[in-house]
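The letter at position 84 of the sequence shown is residue 84 when you use the UniProt record's numbering, and the numbering goes up by one with no holes.
Some hints could be false.
[Unchecked claim] Straight-line distance between alpha carbons at most 16 Å, and here's what the computed EDC-like set of lysine to aspartate or glutamate pairs gives:
#	residue 1	residue 2
1	Lys-235	Asp-9
2	Lys-235	Asp-172
3	Lys-235	Glu-159
Because the hints were derived from the structure by calculation, they are not lab data.
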Amino acid sequence: GGAGLNRIDARHRSANLGYWVRHARQGRGIATQAARALLAFGFDTLQLARIEIVAAEGNAASAAVARKAGATLEYVARNRLIVGGRAVPARVFACVPMTPAAAHAQPASKPVQGPRRPMPPTRVVLRALQPGDARALLAAARASRALHHPWLRAPQTPEQFRALLARAAQPDHHTHLVCLRDSGAAVGVINLSNIVRGAFASAYLSYYVFAGHERQGLMREALHAAVRHAFGTLKLHRLEANIQPGNNASRALVRACGFTLEGFSPRYLKIAGRWRDHERWARLADAPRRAR
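Start from the sequences, fold in the hints, and give me the full structure.
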């Protein structure tokens, strides 16, 4: 078989890890051992800060190797891999170095085996929006009307859901459904829209949480994952979020995720028939990281 680190990004100190094993040798833990060795090499020798393992949706063996190697599932990316000549969705796992405090907590007499594990695993995962999500998303959106008013209006009808799905299929728009890792229940939605490449390398960030999942830190975990996707996978330089001044919960959320207030835009966006003022919050790829 074989294994290697590719797409090494010196600026972001990140890389992808890939592996394969001959059919006759599969099921013996060879890929897991190789992945652990490469993760340790990437973190200890190359001083990387993040390594991704991408497994095609449905490739249970590859996903199992990623988990056994110490990586955590972060989100499902559409059209991430080319398999058999067509683009297919993929599960994106990630591993980061162990924090210094956690490293010191290891018994001195027992050396750490394998890679340094992510600290801590998140309670949510991000995946691409699918046609089969219509019923659950619309029910959650209708139950969240009071929570969302007057800040936004999530899709309420099948027609509005189909419009959201159509936008999500565009190359300049990524829509992620935020789900609980354990149950798969829908927590909220995160959009990266108007994605521009080239010298601008920027996108707009928008999001909403569903009633019953607010004020639990779930969307904070989800936004951290979305930011990593934008800067790590999409290689964007800047994210911008526009928020109404009175939406204190949303303002606190982006601030906790490393966004800074850049300016004020009067009568910026029409919501529920009214032009509403917005604050402009932004984060750059090379901005200092904040603790989760």
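* Kindly indicate which numbered hints from before are broken by the structure, ordering the numbers from low to high. => 3
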